[in-house]
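In this note's numbering, the protein residues as written are 31 to 1229.
Everything labelled a hint here was simulated from the structure, so no lab data went into it.
Any given hint could turn out to be false.
Result set (DSSO-like, lysine-lysine): computed pairs, CA atoms no more than 27 Å apart in a straight line [said to hold, decoys possible]:
| # | residue 1 | residue 2 |
| --- | --- | --- |
| 1 | 767 | 915 |
| 2 | 82 | 163 |
| 3 | 396 | 411 |
| 4 | 633 | 396 |
| 5 | 115 | 82 |
| 6 | 1025 | 942 |
| 7 | 894 | 1025 |
| 8 | 1037 | 1008 |
| 9 | 585 | 233 |
| 10 | 908 | 819 |
| 11 | 767 | 233 |
| 12 | 922 | 819 |
Per label pair, the in silico range of CB-to-CB distance [stated by the list, open to error]:
| # | residue 1 | residue 2 | range |
| --- | --- | --- | --- |
| 13 | 337 | 523 | 47 to 57 Å |
| 14 | 452 | 880 | 39 to 49 Å |
| 15 | 640 | 452 | 21 to 31 Å |
| 16 | 929 | 198 | 19 to 29 Å |
| 17 | 929 | 1093 | 18 to 28 Å |
| 18 | 178 | 436 | 31 to 41 Å |
| 19 | 1065 | 1096 | 22 to 32 Å |
| 20 | 929 | 234 | 28 to 38 Å |
Predicted model, so just to flag it, every value in this text is computed and none were measured.
Ideal Cβ placement from N, Cα and C applies to all residues, glycine included.
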Amino acid sequence: LLIAEGYDKVIVTQPRRLPCQLISNRVNETMTVDTHVKQEQIAGWIVSGAQKNPGAKILYMTDGFLRERLLYDDSMVPVYRSVKKSIVIFLDEVHERSINIDLCLAFLARLLTNYPQLKHKLKLIISSATLDKSVPNLFRNIPQVSLGEFSMPQLGTLHTVTKYSRPNTNILDIVQELYKKCKMNDQILCFVNSALEAVENCKLLSEITRNAINARPLIQSQTTTVQQENIAQASVLFSTTIAETSLTFPSLKYVIDTGYINLPIYNPELQRTILTTMRAAHSTIKQRLGRVGRTQPGEYYALYNYDPEELSYPVPHICQSDLTNIEYSLRRSPLKCGLHVIQKFLPDKPVPQYIDSAINVLRDLKILEKAPSQDFTNVGKLLSRVPEFGTIQMSVSVLAALREFDCGHDLICLSSILGVLNSTAIFSLMPPNLKSSDGDFMTLLNIMNKILSVKESISTSQFNLNRICEVANLTQIRHIIGPALRRYSNLEKSFNISDYRIEAHKKSGQWESIAKALLAGYSDNVFISMRELQEKNLLYARYNDKGDLAVLDIKSILTRPVKQDPVPLVVARDVFYSTAVRSRAIISFVGEIKIDWMTHSTKRELTLTDEEEIYLNSNNRYGKVRQLYSHNIQMLLSNKTLKLTGRSDVVLNAELQLRKEMITELTFKLENRYSPNTAKYKNLANNLEKVSKMPNIFHPMIWRWESEKQVKITVDNNTSAKTCDIKVVGRPSEIAKVKQEFDSFLSWLSNCAVLRDPDAGVSPRILQPTAREKYTAVEERIARITDIKSTRVDLFNATKGSQATRESRMEAVLWIAVCKFDCKVEGGFVRDWVVGNYRQRSTTITKPSDWITYGTDKIPSIVKEVVPSDLDCHLPKKTYFDIEKFKDELHKLGISCDVHRESWRYVLLIDKDEKSGPFTMDLIEPHIALTHDRIDLDVNNLYLEKGYTREIGMRVDIQELPYSISLESIVKNIDEKKFRVLRPIDSVLEDRINKMTNIRKWTQVGKPFSVIPSPHSHVISVVVPLPSSSDLYQDLATKMQVIGSGIQIISIEQIRNPQLEGLYEFMKTNIAGQCPQSNPKERYLYHGTAPDAVQGITDFGFDDRYFSSDGLWGHGAYFAEDPRKSHDYAPVNPQDQTRVMFYAKVLLGIQSVQDESDPSLNAAPIGYHSVQGTGGKYEEYIVYRYGQALPYLKVTYKT
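All chains should be modelled from the sequences, with the hints used to inform the complete structure.
Structure follows, in structure tokens:
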């Protein structure tokens, strides 16, 4: 219509290349101009590196191309030349507010302001579905410029669109739900945060539905052909922005919108761009909604739970982007000024910090002179004479290649292909023969050289890129090579008429020269492996004073297997930060470099401990290094800080040498410091001997220290000393921490009666059929934690779904720990939630974040009223547990986590700010877990393990005699909120019992008894000290006071002797069968003995071969209910003045009560099992058979 009205030319912009071509073709198909000579096409298009019919009346171009034309082409706008009527510039899709769009608006506003005569020669049309008022206000404020606004009436879509709100629902659940409703050819379009999420959702949907649903991603990195194929063939499409979905879908029925978008946000203080997940603006939501209802009635599903109108329009990109390249481009252009001047013509102005940051970067690169000058340096002036290469860093690198390193052609080729790449996916699509061991840059150069060598060897008419790619096995990256060749051709033309035309054709082919040129522009992107700095494997640190941490892009050529050493030093083109990646950047497009290739200046600052500073200063260690390097760099060691400043290669060599000087060695043994001939000494000796035979229990600890701090730990078996010799090599500060961990282990081991075998316990099993029928829900909860087949959908529903709860989030955390990291889960969560399905909240604390309390050690815990309270896990014993990777997995699910490290465990505070409520998690080191040989309550003895989706295990085996506690009985107790106490009640256990009974309303049943694991196979018996605070200790100590006021209890120890206990239980059953009501009349009685008989009784019991032969009732074992009687038979040990009395279990059965002595007895009278002697001052009880009495407690005392 405009052309028909006589306007000279109409220029229409689009944000992307594809719409320019498609719309131009569409116009030409529907309309032509008859010139009476031939039919001419009315429309043409022109984009960077390609064009068709550029002289057409209607010309479609990208807004980026228009920006360049407005900057450099005076003929673009008829300032001084005459026109018949006017030219029209039609800016479309302005709502996207890209940097290019805003700069086009600024340049046009500037022209209209500075050249008022243009108002008769230029018409500007700004078109957008939604538009912030700042855009029309920009032109409204220009004098003598008339502004007309036209708003389409709110007619809505052609067809009815029904909106549904489904906050926090899993997107894949809705897709499957809607897919069932789809008629033939109906399509579903889903908007998600990122390209990665789009691809993953497609894969996951295919897996869940077993390929029944054809889902495809629709993302920017795809070729036009792939996008069109996906739209034509897929039933479900996942996309990230409106850009890939701007065309009409002929069969679109449903749109599902997560309501979020990933945007690159620049932080001027940190000088980094972070890909941040943000709420979509209302205008973006409207655009997404507008996809449906065009060709048929449709439905829109909103998965977000916020009001989109809170943010009407997105923040313009120019207000939240790195402006360095824009600032440089403006200063080198004919405008000769930067954003400080141009910003007054922008619809929205960036805050000053963004512009200042850009200027500072240009000064750091020595392109601008130091403040207050705004002029280019000599380097800046030289740089302005070469074409732009997309980024200022690449431009600097190309200039260095041209002027210093004789590899100009190599860098031009590299910049051509890098300029069209924003993803490293290319490296997984290319043949191995083109991959270079030097890294990604040389690999990309190999591709360009491969194609260019063919192109230069044949005529233009013979050059067929499709065929060449097919022969070279590069068909999968044809869509990248094509644009790269176009960029190369444009650059080649530019250099052929530049001062550097000779240098631009120089080829080196040597990585060293190319790397040095890249370092000229990307020196700030040098990263060193943390392994070189005695830190964590697989992490990289930016080698400057910023301290950024990064990981290598997994698709990079330089990525190596975990067991191989990482590449020591790299230079990267891209440093990618994202809120989707926890605390670390991802470096991509990297190449390996050598230290002596670096010549830029840098600063490093190392923090030392007091010991390390003293160690460096001793033996002239620091002095020697200083003597080697101080003439080239500045070095200062003071107040536990080491500062290095100067040329980066020298700084790095000096730092590595100083770090090497700090490496020292410590050797020590796991020592038994208890007094010999005591129970604690014997137990620890037995445990140390067992430890010495299985040093592999320390492997996870060894792997952790080597991976995280490059500390080498060696644990060797010392057979003669029956312990372990340990050697630690590392920095003094780290060695001290390693020693602390071993000391902690030794402390736990000292309090351990029997070190457990790594595979001890009862393997998980299914409940018996009768019990299983009742507890089917238990199996469902077990599976949610242990089933390796659970999907990301299950985890999403558990953590973010509409039905997500604190308990479901706890299950998700455990699933990660169990199924991804091979942990075992035990304790309170298994009891309270998995089996009991109990949930309880504090009645006095209403705000969940206030549930958190901190002890004097600053370790967090949850108030006792909250059930379930925490998660208890044992770390894997055969693999290294990486706490950072575990946190990464939680971060993927939106779960926050604070880590507290103790010498024997991690304590994690999870979800501290979550509305559902926080919880803690204990991750116990596997070698420490082996020392946890006791259990307090029967209901705490359960554990779950990976792959056992219906089964429950028992941590300590208490199924056999004398305990006979089955898995089913424990589950039944939990169901009835009952528990049994299985160790002596001390102050700690008393507090737990109080929590269970008074706060959580459980009931204690049965008498407490003490469960001690069976001793090691080479040990007959083990004795375990009874806590002095326990009820049994106090009761027995009180009873023994009758011996005399001067009695002093030294120790009371419980004896565990499986062989004797088995014999005793056999006798108990046998005697019970012969007694009325099957009552064997078990009594707890005293038995005094001489020092030389104590160990014999402990190991072999009351052996009938050594019974007293001169007793009043013959040849038997004598016991008393009054300790005064037994005291008379417990002589003093002359070595330490102690006495020993046993507190024994005795089976009296049917008693023969005799008040007259009978020394001739060798057995109880016929029909009886024991004799009760009543004739003396104290009653005595005599048994005559081996196994009829069991030594239970050993009391050591003084009088």
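Notebook entry, point to check: Taking each numbered hint in turn, which are not upheld by the structure, reported in ascending numerical order?
Noted result: When the structure is compared with the hints, numbers 2, 11, 15, 17, 18 turn out to be violated.
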